[in-house]
Amino acid sequence: MKLSHLSLRHPYLLSAIIFFVVLVVNFYLQESILEGNTINNNMRVFLPLVLLTAGQAVVILTGGIDISVGSIVSIVSALLATRVGLEGTVNQTLTWFGIVLLVGILAGSINGFFVSYLRLQPIITTYATSFFFGGLALFILPQPGGGIPAKVANVYRTNYPLGLHWAFYVIPLLVLSWVAIRQTRYGRYLFAVGGRAQAAYETAVPVNQIIFSTYVVSGFMAALTGICITLLTGSGNPQIGDPMTLQAITAVVIGGTALSGGVGGIAGPILGALTLGIIKNIVSFANIDYWWQTFVNYMIILIALAAPGFIALFRRNRS
Amino acid sequence: MKKISISPPVAAVLLAVVLFIFSGFLPNSFGTNTQAAVSQAVNIVRLSVFLGIIAAGQTLIIISGGEGIDLSAGAIVTLSAILTWMIVQGKDERVLPALVAVLLVGAVIGLINGAGIIFLKISPLVMTLGMAGVITGVVIITNHSNTPGRLAPIMTRVIARPLFLGIPGAIIIYVFFAALMWLILERTTFGKNLFAIGVNRVTAKLSGVNVTHMVLGTYALAGALAAFGGFMVVGNTGVVFLSLGQPFLFPSIAAVAVGGTLLSGGKGSYFGSMAGALVLILISSVLTTMQMIDAVRQMVLGATLLIILSIYGRQRGFRQ
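Sequence lines, in order, name chains A and B.
Numbering-wise, numbering that gives the first Met the number 0 puts 240 at position 241 of the first sequence, and it's gapless, one number per residue.
Numbering-wise, numbering that gives the first Met the number 0 puts 283 at position 284 of the second sequence, and it's gapless, one number per residue.
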């Protein structure tokens, strides 16, 4: 009884425990994990998923889901690689960063329009748009190639301010702005819609607008993720976002946000995203045969997803 | 004002006919040649068989409600195709054991999906997506060294060639399969309970339906049906590769939606999914005739699904 009380009060508790467990395992396999350089290197790889997860968390909080985020990431990568190119100037790159953010907002608005105003089911709608966006990315850039100027990419990859990677500024900023948003009327509306949309509607919450806005946020964050991952790799790939959708949803679930909506926040999912990144580290440092890596990776993800369920199951049996 | 209403399966069939006639007017299509038109029609129905069978399990899961969806269907198809290929080894007498084996494997995978969903309360979307990854991992482990295998001649003869009066064997199997699905959904307690838990699990439980068993059974059956789909696909193509089943996944869900099965569960039919599969195969065939590249085909499929959903997939508004 006490445990269930705790986990309801602090949805992040379990995600924090899982995070520390994988961190310890990673430390055991790779002792340099806590050295400054390794942390910076890890964080620059983890940051894209963290951003994507934060956007997904907002959608899931209101009871929706956005399966199209990965393909929005892909569109951004394809656009940057073809419109800016390896020979582009810094100004050109920055202009296109702005444009792709608008593209992300537009893509999110399309999702939001179908889900909130036409009242289609989020799962199938965003699945359909993921096909549309994914096709668009392949249309813009049929094969991996192109990229952005190394000068710009290096700002993300090596030139950190004060010896700390950008992630150390971006992630606290995200969490802080979430804490601020929670206090506003908009933040309360998010939880109200996720709890019970019909009841929220009856108490004059602008449900449709709120739902619409979450998809716009998610599209924007996906575009930001696309920029980040293009900076990280320096090159374009029209399918780079595909595997990220599941990872982002998994991270949200591990982070203690229920897919049914109304519970959770952003800090837990961010921890979840970091956990997934560390799991990947573990798989690559554990000297696992290359052919086994996909299997092991997904098994760990499934186990992490099942963990809360197992705990609930055992507790129910005891009482 | 009276609203004209056509049931979605009928609408989908009409759409298929219109699309087919339209495809005749395209350059390098059949035009006014009746014989070519008939053989083209038969071919399209034959192609829709594989998608139709894979969509069968999807239909059951979506009808069962609870945000049910099976994203592991594509991976099960690949695994089952590769297993069939490895077990058969070109011997006719091994076909039946292979079929039994893949059906069992599919059912076990489905059962694990169901157990995760009902006991561990993992959302079906995440559970089946994670399972798809695990299965793909298994396929990579078993198949990375290009395990030898070969199809039995009898499979090719029955599935890929004309069997009776010039009708391809696949279509004949499909007819029996569809009759079986209809029986399961409309004439058994299982079918009745399936619709009941799809509408409302709490009321179903209160009226004496064992929801836990129903969910486990539905996912297990769906896994077996997807595995049967893989068996049929490999019988048709004769080759196996890692991404064999993946292209069927999205269309299998789309076919169910196009066929008018409510994605929130509780309402739908397998005939609808069959008609939906036909429509999707036709769209993709029209796009091929028009020589569209893959990227554009993907976009058109996505957009078509959105449009069809906007017509009859809408949920109730808050005001009502």
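Just so you know, these hints were derived from the structure itself, not from any lab.
One thing to keep in mind: the hints can contain errors.
[Unchecked claim] Going by beta-carbon spacing under 8 Å, a handful of chain A positions derived as facing chain B:
id : residue
1  : L22
2  : V23
3  : G62
4  : I122
5  : T124
6  : L137
7  : Q238
8  : I287
9  : W290
10 : W291
11 : F313
[Claimed, not checked] From the derived model, a few chain B residues whose C-beta atoms are all more than 10 Å from chain A:
id : residue
12 : V198
13 : G237
14 : V285
Even for Gly, the Cβ is constructed at its ideal location relative to N, Cα and C.
We went through each hint and held it up to the structure:
{"no.": "1", "hint": "L22", "in the structure": "violated (22 Å)"}
{"no.": "2", "hint": "V23", "in the structure": "violated (24 Å)"}
{"no.": "3", "hint": "G62", "in the structure": "violated (11 Å)"}
{"no.": "4", "hint": "I122", "in the structure": "holds (6 Å)"}
{"no.": "5", "hint": "T124", "in the structure": "holds (7 Å)"}
{"no.": "6", "hint": "L137", "in the structure": "holds (4 Å)"}
{"no.": "7", "hint": "Q238", "in the structure": "violated (11 Å)"}
{"no.": "8", "hint": "I287", "in the structure": "violated (11 Å)"}
{"no.": "9", "hint": "W290", "in the structure": "holds (5 Å)"}
{"no.": "10", "hint": "W291", "in the structure": "holds (6 Å)"}
{"no.": "11", "hint": "F313", "in the structure": "violated (11 Å)"}
{"no.": "12", "hint": "V198", "in the structure": "holds (16 Å)"}
{"no.": "13", "hint": "G237", "in the structure": "holds (25 Å)"}
{"no.": "14", "hint": "V285", "in the structure": "holds (16 Å)"}
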